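Trainee: Modelling step: build the complete structure from the supplied sequences, incorporating the hints.
Taking the numbering used here, the leading residue of the sequence shown gets 1, the next gets one more, and so forth.
Note that these hints are calculated values from the structure, not bench results. Remember, predicted model here, so these are calculated numbers, not experimental data. Careful, some of the hints might be misleading.
Okay, derived cross-link-like pairs now, PhoX-like style, lysine-lysine, Cα gap no bigger than 25 angstroms in a straight line [unchecked claim]:
| hint | residue 1 | residue 2 |
| --- | --- | --- |
| 1 | K59 | K132 |
| 2 | K132 | K10 |
| 3 | K10 | K121 |
Derived Cβ-Cβ restraints for the label pairs, each shown as a range [as the list claims (entries may be wrong)]:
| hint | residue 1 | residue 2 | range |
| --- | --- | --- | --- |
| 4 | R149 | K10 | 21 to 27 angstroms |
| 5 | R87 | G12 | 34 to 40 angstroms |
| 6 | A3 | D146 | 39 to 45 angstroms |
| 7 | A48 | A88 | 18 to 24 angstroms |
| 8 | P157 | R18 | 18 to 24 angstroms |
| 9 | E158 | P21 | 23 to 29 angstroms |
| 10 | P165 | K132 | 22 to 28 angstroms |
| 11 | D146 | G120 | 31 to 37 angstroms |
| 12 | D101 | E158 | 27 to 33 angstroms |
| 13 | S62 | E32 | 17 to 23 angstroms |
| 14 | E95 | S58 | 42 to 48 angstroms |
Cβ atoms here follow ideal geometry from the backbone N, Cα and C, with glycine treated the same way.
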Amino acid sequence: MNAADLVVGKWGTRFRGRVFPSAIGRGGISAEKREGDGATPVGTHRIAGLLYRPDRISKPVSWAVPIGPRDLWSDDPTDRCYNLMVRAPYNCSHESLRRADPLYDMVLILNWNWPVAERGKGSAIFIHTWRKPRHPTEGCVAFRGDHLRWIIDNLSPETRVIVQP
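Mentor: This is the structure we're talking about:
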């Protein structure tokens, strides 16, 4: 591990010499991640992308991709596009990326089970804004909005997300 790594544990996250309060999945941290278990997967992950809401915030970094009104994420293990971004209308089970709340105003996509997904191993493992302090997620890692922005501003191509058991 090095200072460029985002090290996530049950009680917080270390990054660039700082410790941030963070939220993890309602199912805790698991080495046996499965779709719908609410767990945050153990392991070393890479950041695969950043999505943002251009109607709410300015582009956070040059490589960020805007979330449009029809953008969804497939969470249906039987879908050929499982664990990929898709567009409405969409007949398989999915999650809307354009939410009424601010949770997905900035969303870092992790490479967990992505881009070629093993069916049922879990989908949509993101880093996003939390609902309230340490409120559990569905398996993602979440931060206070200003902390997430600081983290995004300080990412580097070497940054790994290390989720510890």
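Trainee: If a hint holds in the structure, say so; if it doesn't, say that too.
Mentor: Hints and how they fare:
1. Distance hint between K59 and K132 is fulfilled; the C-alpha atoms sit about 24 angstroms from each other, no more than 25 angstroms.
2. Among the hinted pairs, K132 with K10 is consistent with the structure: their alpha-carbon atoms are about 16 angstroms apart, no more than 25 angstroms.
3. Among the hinted pairs, K10 with K121 is consistent with the structure: their alpha-carbon atoms are about 21 angstroms apart, no more than 25 angstroms.
4. Evaluation of the 21 to 27 angstroms hint for R149 and K10 yields a pass: the beta carbon distance comes to about 24 angstroms.
5. Evaluation of the 34 to 40 angstroms hint for R87 and G12 yields a pass: the beta carbon distance comes to about 36 angstroms.
6. A3 and D146 have their C-beta atoms about 20 angstroms apart, which leaves the hinted 39 to 45 angstroms range violated.
7. The hinted window of 18 to 24 angstroms between A48 and A88 holds, with their beta carbons roughly 22 angstroms apart.
8. Judged by the Cβ atoms, the range 18 to 24 angstroms given for P157 and R18 holds: they are separated by roughly 20 angstroms.
9. A hinted range of 23 to 29 angstroms holds for the C-beta pair E158 and P21, which are about 24 angstroms apart.
10. Remark: the range hint 22 to 28 angstroms for P165 to K132 is upheld by a beta-carbon distance near 25 angstroms.
11. A beta carbon spacing of about 36 angstroms between D146 and G120 agrees with the range 31 to 37 angstroms that was offered as a hint.
12. Between D101 and E158 the beta carbons are some 32 angstroms apart, a value that agrees with the proposed interval 27 to 33 angstroms.
13. A beta carbon spacing of about 37 angstroms between S62 and E32 contradicts the range 17 to 23 angstroms that was offered as a hint.
14. Separated by about 24 angstroms at the C-beta atoms, E95 and S58 break the suggested range of 42 to 48 angstroms.
Comparing the model with each numbered hint stated earlier shows that hints 6, 13 and 14 do not hold.
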